[in-house]
Structure formats: C-alpha cells, structure tokens
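Protein chains in written order, with this note's numbering: chain C, 1 to 244; chain Y, 1 to 460; chain A, 1 to 191.
No lab work stands behind these hints: they were computed from the structure.
Please note that a few of the clues may not be correct.
What the hints assert, rightly or not - Here are the simulated SDA-like pairs of lysine to any residue, each with C-alpha atoms no more than 20 Å apart in a straight line:
1. 18/A <-> 52/Y
2. 415/Y <-> 444/Y
3. 394/Y <-> 186/C
4. 12/A <-> 88/Y
5. 36/Y <-> 149/C
6. 348/Y <-> 386/Y
7. 170/Y <-> 146/Y
8. 14/A <-> 70/Y
9. 36/Y <-> 147/C
10. 107/Y <-> 124/Y
11. 170/Y <-> 183/Y
12. 11/A <-> 87/Y
13. 14/A <-> 63/Y
14. 394/Y <-> 56/C
15. 17/C <-> 419/Y
16. 12/A <-> 299/Y
17. 12/A <-> 343/Y
Please read these numbers as outputs of a predicted model, since none were measured by experiment.
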Amino acid sequence: MRVALFVPCYVDQFYPKVAIATLKLLQRLGLEVEFPAGQTCCGQPMANGGFEHYTAGCNSNFIKSFSGYDHIVCPSGSCVLHLKDHLHDEKQEAEADRIRSRVYELCEFLTDIVDLQSLDVSFPHKVALHQGCHGQRGLQLSASSERVVPFFSKPLRLLQMVHGLELAPLDRPDECCGFGGTFCVSEEAVSSAMGLSRIADYQQHEATVLTGTDMSCLMHQEGLIRRKQLPIKVMHIAEILSGS
Amino acid sequence: MTYNHHKDHSAAAAEFLVNKERVQWHDDALWFVRSKRDKAAFALPEWEGLRTQASAIKDHTLSCLDEYLQQFEQNAARNGIHIHWALDAQEHNDIVYSILARHGARKIVKSKSMLTEECHLNDHLEQKGIEVVDTDLGERIVQLNDEPPSHIVLPAIHIKKEEVGAIFHKHLGTEAGASDPQYLTNAAREHLRQKFLTADIAITGVNFAVAETGSIVVCTNEGNADLGVHLAKVHIACMGIEKIIPRTEHLGVFLRLLARSATGQAITTYSSHFQRPAAGSEMHVVIVDNGRTTQLGREAFRNSLKCIRCGACLNTCPVYRRSGGHSYHNAVAGPIGAILAPNLDMKKNADLPFASTLCGSCTDVCPVKIDIHDQLYQWRQVLVQEGYVATGKKAGMKVMAAILSSPGRFSMAGKLARKMLKWFPRLAMNGKLNPWGRQRELPEVPAESFREWYKREHGK
Amino acid sequence: MSREKILEAIKKNKPAPKELPEVIGFASTYTNLTITFAESIRKAGGELITVQDMTSIPARIRQALPGMQRIADLVNESPDTYRHLLNDPASLEVVVLKGRLAVAENGAIWLHESDCVNRVYPFITQHLVLIVEQHTLVGNMHEAYVIMGNMMNSYGVFIAGPSKTADIEQSLVIGAHGARSLLVFLVGPGV
Ligand code: SF4
Chain C
1 MRVALFVPCY
11 VDQFYPKVAI
21 ATLKLLQRLG
31 LEVEFPAGQT
41 CCGQPMANGG
51 FEHYTAGCNS
61 NFIKSFSGYD
71 HIVCPSGSCV
81 LHLKDHLHDE
91 KQEAEADRIR
101 SRVYELCEFL
111 TDIVDLQSLD
121 VSFPHKVALH
131 QGCHGQRGLQ
141 LSASSERVVP
151 FFSKPLRLLQ
161 MVHGLELAPL
171 DRPDECCGFG
181 GTFCVSEEAV
191 SSAMGLSRIA
201 DYQQHEATVL
211 TGTDMSCLMH
221 QEGLIRRKQL
231 PIKVMHIAEI
241 LSGS
Chain Y
1 MTYNHHKDHS
11 AAAAEFLVNK
21 ERVQWHDDAL
31 WFVRSKRDKA
41 AFALPEWEGL
51 RTQASAIKDH
61 TLSCLDEYLQ
71 QFEQNAARNG
81 IHIHWALDAQ
91 EHNDIVYSIL
101 ARHGARKIVK
111 SKSMLTEECH
121 LNDHLEQKGI
131 EVVDTDLGER
141 IVQLNDEPPS
151 HIVLPAIHIK
161 KEEVGAIFHK
171 HLGTEAGASD
181 PQYLTNAARE
191 HLRQKFLTAD
201 IAITGVNFAV
211 AETGSIVVCT
221 NEGNADLGVH
231 LAKVHIACMG
241 IEKIIPRTEH
251 LGVFLRLLAR
261 SATGQAITTY
271 SSHFQRPAAG
281 SEMHVVIVDN
291 GRTTQLGREA
301 FRNSLKCIRC
311 GACLNTCPVY
321 RRSGGHSYHN
331 AVAGPIGAIL
341 APNLDMKKNA
351 DLPFASTLCG
361 SCTDVCPVKI
371 DIHDQLYQWR
381 QVLVQEGYVA
391 TGKKAGMKVM
401 AAILSSPGRF
411 SMAGKLARKM
421 LKWFPRLAMN
431 GKLNPWGRQR
441 ELPEVPAESF
451 REWYKREHGK
Chain A
1 MSREKILEAI
11 KKNKPAPKEL
21 PEVIGFASTY
31 TNLTITFAES
41 IRKAGGELIT
51 VQDMTSIPAR
61 IRQALPGMQR
71 IADLVNESPD
81 TYRHLLNDPA
91 SLEVVVLKGR
101 LAVAENGAIW
111 LHESDCVNRV
121 YPFITQHLVL
131 IVEQHTLVGN
141 MHEAYVIMGN
151 MMNSYGVFIA
161 GPSKTADIEQ
171 SLVIGAHGAR
181 SLLVFLVGPG
191 V
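Generate coordinates for the entire structure from the input sequences, incorporating the hints supplied.
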C-alpha cells in the first residue's frame with residue numbers, strides 16, 4: 001500500500017508540527033508514507049473566492065505530485081472536500097478522477113481504511129471537539145445535527161480511544177466557527193463573532209483543550225483565544241492521536 | 001420600503017455587530033427556533049424520506065412547469081377564479097392596482113406575501129393613495145416602523161418588545177412603556193379587527209397552488225389571511241410561478257415539512273384551501289415571473305425555485321443570526337436570499353454569495369433539499385467571471401494562484417512570508433491593512449516549514 | 001402577452017423531464033389515535049374534552065366558557081335560530097362547528113365550507129368550539145388527503161389550535177386575530 005501525505009499549504013508553512021504528528025501517527029500504525037516533494041496547494045483559497053478558473057495550475061501540479069499512490073491522506077477535511085469536488089484536468093481527467101476517489105481526510109482514513117480499533121496514547125484533559133463543517137457535512141465525517149440520521153462521528157470515535165481524555169459536551173455541537181477562507185477577512189466582524197461564540201461554548205463547558213480536524217478553523221479560533229489570552233490550548237487532532 | 005442606497009453585507013453586518021448584547025439576543029432567538037425545528041423533525045422517523053419526496057416532487061414540477069401552470073389556470077378558471085399573468089414586478093403591481101381601481105377600492109388588508117414584498121407592491125399602491133395594511137403582526141410592526149421585514153417567516157425578529165411597545169404607543173396609542181407581548185398583541189388585534197371589518201379588498205400570498213384542482217393553499221398561524229379574505233368582497237392572491245404542485249396528495253408532504261421546518265410546529269394553525277370564490281365575491285390569482293424563468297434556465301441555480309419559504313436556512317445560518325436580515329438588502333434574506341438575489345440583479349447583490357462560510361448547514365436543514373451552499377459557491381464563480389468583483393481582489397488571486405501552483409515559488413514565498421511575519425509583526429497586525437488582526441493573533445511563526453523539516457530528516 | 005412569454009420562457013429553460021416519485025407519503029404508525037390527537041391539540045394550544053355522545057356538550061360549553069352570551073351552536077341548532085347574532089358576526093363570542101375529519105399527528109381538524117356555515121365564522125368568533133367524531137380520526141396528513149381528496153370543491157380549512165403568534169420576541173401569545181381559544185369535543189363510544 002503506497003500512502004502519500006498531502007500537507008495543506010498553510011499547515012506546511014505555519015503548522016509543521018501538525019504535519020509531523022500526522023506522519024508519525026501513520027508510521028506508528030505501520031504504514032509506509034511518502035511526502036511527494038512537488039506538492040503545494042489544493043487550490044481551495046482561490047476557488048472559494050470565486051476564482052476556480054485560476055486553479056488549473058494547482059490542479060495539474062497536484063495530479064503530477066500524487067499520481068500512482070493507493071491512498072492520499074491529508075489532515076484537513078476542507079482541502080480534501082475541495083479536491084473531491086473540484087479536482088479536474090482536461091488533459092488528464094482519468095487520473096484526476098482516480099485521485100478524487102483516493103484522497104482521504106485523516107480521521108476518515110483511520111476509520112474506513114485502517115479500521116483502527118484502539119490507540120495506545122493517553123491525554124488526560126477535558127477536550128472540546130470542533131467539527132469542521134467541510135469535513136462534517138461535506139465529507140460526512142460525522143452526522144450533522146440538522147439531519148435525522150443515527151448519530152456517528154469518526155473524529156469523536158477516535159478521540160474516545162485516547163486514555164484519560166474527557167470530551168466536553170457542547171451546547172451547539174456543530175456550529176461553524178466562522179473561518180470560511182477569505183470570509184475571515186472580508187467579513188471580519190461576523191467571522192470573529194462566530195469564533196467567539198464557539199469559544200464561549202468551550203469555556204462554558206470547562207474545556208482546556210480545543211481540537212479539530214481542520215487547522216484552518218483552529219488557526220482562526222487560536223488567533224481569537226490568544227488575543228484574549230484565554231486558558232485554552234489549541235491542538236490538531238493528529239497531535240492528540242499521535243501522542244505528540 | 002426598498003433598499004436603494006445600501007451598504008454591502010460585510011459593512012452592514014459590522015454595524016449590526018457593534019451592539020454585542022443585541023446580537024447575542026438575536027442569535028439566541030433564532031437558535032431557539034432552530035432547536036424547536038430539530039425537535040419537530042426528529043419526532044418524525046421518516047423526516048429524511050419526506051425531504052426526498054418533497055425535493056423530487058418539486059424537481060418533477062419544474063421540469064413540466066408550463067404544463068402544470070396551464071392545468072392550474074384551466075381548473076381555476078372553471079371554478080370562477082380570474083387568472084392574471086405578470087412578467088415582472090411592475091406588471092404585477094399594475095394588475096393588482098387595476099383590480100382595485102375597477103372596484104374603487106381604497107382600503108386593503110394584506111397577509112404575508114414575500115412576493116408582494118419583492119415587487120414593492122405597498123409603495124406602488126400607497127403612491128396611488130391606497131391604504132395597505134399588513135395584517136400579520138410581525139409585518140404590521142415593521143410596517144408601522146417604516147422598515148422592511150428582516151426575516152421571511154419572522155418579520156420582526158430583530159425588534160425588541162420594548163421597541164414594539166414604543167412603536168405601538170406612537171401609532172396605536174398603547175400605554176407608554178408597555179412591553180408585555182400579550183398586551184401588545186391584544187392591542188394589535190383590536191386595531192386590526194377594525195381594518196379587517198372595513199377593508200374593500202384582501203390580498204394574500206400563496207403557499208401552494210395545486211394544478212389538478214386549480215386551488216391555492218394559504219398557511220397562517222394568526223388567521224389574518226382568512227379574516228381578511230372572508231370579510232372582503234374581493235380576494236387577490238399573488239404567487240410566483242414556482243408555487244405550483246401537481247396534486248392534492250402532494251400537500252400532505254409539504255404541509256408536514258413546512259411548519260416543522262419554519263417554527264417547529266406540527267402544522268400551522270390555519271391551512272386554508274381556496275378553490276372557488278365565496279358566493280357573491282370575486283377571486284383573482286396573479287401568477288408572476290419576475291426573473292424566475294431566467295433562474296429556471298440557469299442550470300446551477302434553477303433548483304432554488306424549489307424553495308417553500310420556510311425560513312429554516314435563515315434560522316440555522318450562523319452568519320444570518322449575527323448579521324441580521326437587513327444586511328442582505330433584499331426582500332428575501334439569508335442563504336436562500338443570497339442565491340435568489342443575484343438572479344434579480346448581479347451588480348447590486350454581488351456581495352451576498354460571499355456572505356457565507358459555505359458551512360452547509362442551510363443545505364442540511366432545507367426541507368426540499370436545495371443545495372444552497374453549493375449554489376453560493378457557484379454564484380461566486382459566476383460573479384467573478386462576469387466582472388462583479390473588485391479588480392484588486394482579482395490581481396491578488398492571480399498572484400496567489402501563481403505562487404500556489406509552483407513548488408519552487410511556493411517554498412520561496414512561504415519562507416519570505418514567515419520571515420516577514422517574524423520581522424514585521426506590527427505591519428501584518430495593522431487592522432486597517434489586515435482585518436485578520438483586528439480581533440485575532442497571527443499563528444506563531446515556526447523556524448522551518450514541514451517540507452524543510454522533511455528534507456532534513458529524510459536526507460536528499 | 002405576458003402569459004405566452006412566460007410559458008415560452010419556461011419551455012425554453014426547463015430541465016429535461018423528471019419523474020414524480022412513485023410513492024407519496026408514509027403510513028402512520030400511531031397505536032392510539034385518540035391519545036396522539038389529544039396530545040397534539042394540547043401542544044397546539046387547544047383544549048380537548050372527550051365525551052361519549054353529543055348530549056352533554058351544550059352544558060360543558062357553558063361550563064368551559066363561563067359568562068359567554070353570544071353563543072351560536074351551529075351543530076345542534078339551525079343557523080336560523082341565531083339570525084340576530086349571525087347578522088353581526090363580529091359580535092360572536094362562541095361558535096360551535098363540526099369538523100369532518102381530524103389528524104392525530106398534528107391536531108388539525110378539517111372543515112369543509114359547509115361545515116363552517118359561513119367561511120368567516122371560525123375566524124371571527126372570539127372562541128371556537130369544534131366537535132370531532134372519533135371515527136373520523138386519521139394518523140397523518142397523507143391519510144387525511146386520501147379521504148379529503150374527493151370532498152374538496154370550494155373552500156376548506158385545517159384548524160390546529162387557537163389563533164396564535166410569536167412575532168414579539170418569540171413569546172407565544174394565544175389569540176392573535178382569530179379565535180382566542182379552541183375547545184375540541186372528541187365524541188365516540190370508546191373514548
Ligand atoms: S431554501 Fe429551503 S430552508 Fe431556505 S427557506 Fe427555502 S425551503 Fe426553507
């Protein structure tokens with residue numbers, strides 16, 4: 001099984017520790033993981049801004065970097081959803097198609113492909129899980145609160161395998177944090193207000209750690225938390241699951 | 001009330017957000033409605049199946065819309081209902097006025113109709129010296145306060161009871177300082193009873209128009225549509241072409257979804273089926289296009305015409321709850337408004353599809369399964385390509401695309417960005433230059449990127 | 001003409017034909033329609049009294065709505081009896097009507113035009129009393145429309161509870177424009 005690690009551009013530059021944790025977690029599970037060096041970005045920042053027609057370069061570069069792997073794993077639901085929905089290339093559509101069906105968000109990969117049943121890590125803290133919307137509703141990583149379906153949550157199930165970890169119940173378990181790509185600057189006021197609502201919910205339930213499947217949502221909330229100097233530590237779910 | 005000189009969504013939202021306490025109150029009120037909806041939906045195990053059926057009925061109807069409209073027309077006419085067709089808002093308003101003029105009507109009562117709001121009917125009639133009284137309590141409140149509704153189901157959701165008290169004190173002579181909803185509602189009841197009893201003509205909206213019977217269904221909780229219609233000699237019902245459903249049995253599906261989605265009630269208090277005018281009265285139905293056939297032709301956006309105006313996507317929208325209905329400067333606010341409005345006027349409404357994080361809650365809550373957030377995404381593409389987005393943004397995106405598509409340029413730019421942040425954090429954090437920093441810190445800058453680390457660790 | 005223009009535009013722009021779903025609706029699974037109906041009426045803000053037969057109803061109405069003078073019982077009496085009252089419908093305090101069918105799941109009671117006697121009565125009266133025969137209860141709306149399909153030809157209304165609004169700060173107020181209260185008598189030997 002050839003597994004490739006896709007590291008979102010902003011994680012590469014600003015959160016290398018999250019990519020390292022992801023890599024180590026996958027390696028600890030006995031997987032051989034490669035990091036294709038030519039990779040850059042999935043193209044989402046442009047596309048969500050209305051510039052999908054500028055993403056051809058990102059797409060062909062992505063296909064070039066990730067052809068031939070059995071699975072492509074990425075610690076971001078949002079980037080994976082973008083690839084699944086929008087990775088196309090006129091010149092190599094068959095390959096694009098293949099990649100779209102082989103790219104996985106980390107928790108999805110651990111649940112559906114690795115079929116992980118237990119983890120030997122401990123994390124004795126009260127943790128709030130932020131369900132990134134694109135992962136949750138787009139990739140169906142967990143049941144959204146709007147839909148009348150039996151409850152499930154892949155990230156939650158993984159967190160429950162961690163020894164000593166206590167999950168903070170939340171009043172609004174899957175409300176958007178307000179990051180939204182360029183939205184976070186073009187609608188700064190609403191974006192920040194949304195993030196602060198989420199943080200108030202975590203505080204209300206005495207969470208000391210905030211985690212999630214998307215570093216972009218976490219970066220935004222961490223920015224708000226640090227500005228207010230609140231006692232909440234922000235960690236990507238890969239950092240908790242890998243015990244780093 | 002129209003929005004001729006409006007701020008764009010983000011500026012209007014920022015203004016709305018200045019009063020934090022009020023925003024919290026607004027957010028809580030709407031979340032409360034969303035929670036009631038959840039309870040009602042989860043009480044029906046077949047909920048998702050109902051959504052699927054409703055969506056399929058609407059898809060089918062749109063694919064034969066011309067046939068069903070004609071069938072409706074024939075059946076309604078056979079039952080003695082007068083049918084009119086209006087291409088746009090102007091023609092709609094003219095038709096309504098001509099009916100009023102023929103009857104010499106001066107006093108009109110109107111129950112809730114988003115279509116007449118969209119067509120600015122009140123302004124049109126008032127300019128001709130006709131008194132139009134909105135009889136839905138929420139609509140009456142905003143009408144007296146000279147502002148448009150901020151929500152399609154809860155028109156006065158943005159107004160506090162103390163403010164309603166002040167509005168009623170000024171216009172209806174209630175006690176100064178009174179703010180008890182029971183007292184205020186009762187005052188409105190007395191005031192509007194007089195209007196009902198003396199009105200010449202009643203105007204209503206239409207929730208559903210059934211092709212096979214030529215009948216229309218109107219849903220209210222207050223009973224205002226029926227009181228108006230049954231007490232006046234003439235009933236004018238205004239509907240968009242998309243209100244058609246093929247058969248009576250389809251009402252079972254939609255009526256089970258509508259109120260549960262809207263307010264969490266199992267059904268509205270009154271669901272009235274009008275198939276024939278009452279003896280001695282007259283009934284008119286005005287069928288309006290106003291851009292709908294254009295939307296039908298836009299493949300990516302046509303299924304916005306499936307909307308049954310339940311308001312659930314507004315209640316669930318975290319952006320709507322924190323920016324208020326007026327920030328959308330369109331008769332229909334919220335996520336559905338943001339995909340309907342650009343069809344009417346791309347230039348004026350180019351900001352709306354960007355007023356979303358694309359979280360998708362609207363899509364999951366919608367009882368007729370409109371892919372609202374996907375359409376928001378698609379509108380962004382269209383608006384950019386049609387040139388409705390600032391050139392500065394375009395240039396920025398081009399640079400970004402160039403950097404992000406090349407590993408070499410990406411590594412260099414990344415290094416540079418991290419250095420810049422380290423050396424000039426103040427510059428990056430200047431709120432004027434970079435809205436990120438108004439309420440947020442930037443991430444702490446790591447010494448090396450992942451790819452640098454990986455190269456170091458794995459040789460080569 | 002606008003009619004032709006609109007129909008033309010639709011023909012040009014409409015998507016390829018899509019089929020209607022084969023099955024519409026869902027069968028209800030309520031085990032006891034009376035209990036479900038009673039619960040729904042309560043949730044809708046109404047009051048429900050079960051009686052074995054109609055005889056006690058007039059007395060129970062006076063008991064439940066004390067002090068009411070202008071009562072028109074259009075189920076047990078002919079409208080002629082109340083000519084003086086009905087000439088001024090705005091002064092009606094209580095109107096008694098009979099529903100044709102009622103839905104357990106949501107408490108909606110169907111009145112056909114003739115059941116209303118006059119379309120405005122159920123709305124203009126201060127208080128509304130509806131009589132429902134137990135054997136007319138159905139589980140949900142799909143089942144209701146199957147039966148009602150052939151009964152509709154002029155006007156009809158589902159009434160679920162008294163008139164209400166929550167337009168002021170989402171606080172529920174009973175008695176918006178229509179009836180301020182709804183009293184339902186469920187009549188049947190087994191209730
Ligand atoms: S788009 Fe869907 S959720 Fe929104 S108002 Fe219309 S029907 Fe309701």
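Here is what the structure says about each hint:
1. Distance hint between residue 18/A and residue 52/Y is fulfilled; the C-alpha atoms sit about 14 Å from each other, no more than 20 Å.
2. Between residue 415/Y and residue 444/Y the CA atoms are separated by roughly 14 Å; this keeps the pair inside 20 Å, and the hint holds.
3. For the hint linking residue 394/Y to residue 186/C, the alpha-carbon distance of about 14 Å falls within 20 Å, and the restraint holds.
4. Between the alpha carbons of residue 12/A and residue 88/Y the distance comes to roughly 18 Å, so the proposed pair stays at or under 20 Å and holds.
5. Between residue 36/Y and residue 149/C, the direct Cα distance comes to roughly 17 Å. Compliance with the 20 Å bound is thereby established for this hinted pair.
6. A threshold of 20 Å between alpha carbons decides the hint, and for residue 348/Y with residue 386/Y the separation of about 13 Å falls inside it, so the pair holds.
7. For the hint pairing residue 170/Y with residue 146/Y, the CA-to-CA distance comes to about 13 Å; that is within 20 Å, so the pair holds.
8. Restraint check for residue 14/A and residue 70/Y: the C-alpha separation of about 15 Å stays at or below 20 Å, so the hint holds.
9. Pair hint residue 36/Y plus residue 147/C holds up; C-alpha atoms about 14 Å apart against a cutoff of 20 Å.
10. As the CA atoms of residue 107/Y and residue 124/Y are separated by approximately 14 Å, the hinted pair is consistent with the 20 Å bound.
11. Only pairs whose Cα atoms come within 20 Å are accepted, and residue 170/Y paired with residue 183/Y is accepted, the gap being roughly 15 Å.
12. For the given pair, residue 11/A sits about 15 Å from residue 87/Y by alpha-carbon distance, which is consistent with the 20 Å threshold.
13. A hinted pair counts as satisfied when its Cα atoms are at most 20 Å apart, and residue 14/A with residue 63/Y qualifies at roughly 5 Å.
14. In summary, the hint linking residue 394/Y to residue 56/C is supported, as the alpha carbons are separated by about 16 Å, within the 20 Å threshold.
15. Simply put, residue 17/C and residue 419/Y have alpha-carbon atoms about 18 Å apart, close enough for the 20 Å limit, and the pair holds.
16. At roughly 12 Å between alpha-carbon atoms, residue 12/A and residue 299/Y fall within 20 Å of each other, so this suggested pair holds.
17. For the given pair, residue 12/A sits about 17 Å from residue 343/Y by alpha-carbon distance, which is consistent with the 20 Å threshold.
Of the hints listed earlier, there is not a single one the structure fails to meet.
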